[in-house]
Amino acid sequence: MVLLALCLSGCTWLLPQDMPHVANDPIAGPLAKPIAPRGLALVLSGGSARGFAHIGVIKVLEEAGIRPDLVVGTSAGAIIATLYASGKSAAEMESISRLAEGAMAGETDWLQLIRARSLGIRAGNGLHAFIAQKIGNRMIEDMPIPLAVVATDLATGAASAFTRGDAGHAVHASCAIPGAFEPVSVAGRLHADGGLASPLPVAIARQLGARKVVAIDVIYPPTDSAPLSSSVDVLFQSFLVQTFRLKETERPLADLVIAPAMHTTGQFGFKDREQLISAGEAAARRALPAVRALLVRPDTR
Numbered sequence: 049m050v051l052l053a054l055c056l057s058g059c060t061w062l063l064p065q066d067m068p069h070v071a072n073d074p075i076a077g078p079l080a081k082p083i084a085p086r087g088l089a090l091v092l093s094g095g096s097a098r099g100f101a102h103i104g105v106i107k108v109l110e111e112a113g114i115r116p117d118l119v120v121g122t123s124a125g126a127i128i129a130t131l132y133a134s135g136k137s138a139a140e141m142e143s144i145s146r147l148a149e150g151a152m153a154g155e156t157d158w159l160q161l162i163r164a165r166s167l168g169i170r171a172g173n174g175l176h177a178f179i180a181q182k183i184g185n186r187m188i189e190d191m192p193i194p195l196a197v198v199a200t201d202l203a204t205g206a207a208s209a210f211t212r213g214d215a216g217h218a219v220h221a222s223c224a225i226p227g228a229f230e231p232v233s234v235a236g237r238l239h240a241d242g243g244l245a246s247p248l249p250v251a252i253a254r255q256l257g258a259r260k261v262v263a264i265d266v267i268y269p270p271t272d273s274a275p276l277s278s279s280v281d282v283l284f285q286s287f288l289v290q291t292f293r294l295k296e297t298e299r300p301l302a303d304l305v306i307a308p309a310m311h312t313t314g315q316f317g318f319k320d321r322e323q324l325i326s327a328g329e330a331a332a333r334r335a336l337p338a339v340r341a342l343l344v345r346p347d348t349r
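Residue numbers (the working numbering): 49 to 349.
You can take every hint at face value.
Listed next, the in silico SDA-like pairs over lysine to any residue satisfying Cα-Cα at most 25 Å (straight line):
#, residue 1, residue 2
1, K319, S143
2, K319, L276
3, K319, R333
4, K319, Q285
5, K319, G174
6, K319, P269
7, K319, L288
8, K319, A330
9, K319, P270
10, K319, E140
11, K319, R146
12, K319, A309
13, K319, E329
14, K319, F292
Hints are computed from structural coordinates only; laboratory data are not their basis.
Take the sequences, apply the hints, and build the full model.
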């Protein structure tokens with residue numbers, strides 16, 4: 049899909065209406081009851097443009113006939129998770145991602161939709177509308193694969209796992225970077241980017257009943273070469289430091305972590321899309337024996 053460069057590059061805004069019937073508690077809603085014993089959850093991290101790598105991992109799992117019982121996504125990962133849970137194949141998501149380069153005439157121009165904008169500028173309702181269009185306006189609870197979209201409740205700082213309601217609206221909230229975009233009202237509460245509370249939401253997958261968890265970690269690591277010459281640079285680097293450290297606390301909760309080896313030329317661009325998808329595919333192929341072993345391993349939880 050197109051990822052989006054997502055969320056850090058321009059999740060879009062519209063002052064949406066409250067989303068009815070959306071769970072604010074991580075274990076509320078239709079997924080409150082544990083999923084089937086030995087159920088497998090696929091957890092997709094945030095990561096801005098690196099989220100393209102999720103597509104490559106899903107491609108390999110599809111080829112191997114491995115289908116999760118639950119998909120949980122944060123920020124950029126929420127976009128891919130929602131498209132995947134709605135029934136989109138990796139090939140379809142890759143085709144959609146080419147919209148970023150204008151490869152599919154007549155479709156939404158993702159470059160225009162999510163290009164980086166100045167702090168505080170509203171960018172319209174493109175992301176919400178795009179997701180709704182691509183998934184046929186499905187509600188979260190109607191997805192072929194159970195789905196949880198993770199955002200952060202700004203009042204409490206807790207992670208909210210949306211398991212019901214308007215999927216486009218939930219993704220919109222999951223991508224709402226503080227300081228760059230307005231928070232999103234969901235069920236009367238303001239929410240922002242899920243990476244603030246749970247950039248790799250393994251704990252939520254466990255709370256929702258997953259007995260086995262494969263997590264895809266595409267979080268940007270802090271780097272000593274990061275530009276820090278402006279207030280925006282400092283803000284972005286601070287966000288990276290926070291999300292990276294938070295991610296490290298949940299990583300051990302997964303049974304298996306797939307972390308593609310990636311080099312990107314920028315957090316917001318699309319020119320690395322094919323390389324990122326390939327990196328995800330390569331990492332998944334290396335991890336496939338471990339994934340298969342996990343699936344047949346007796347459940348000890």
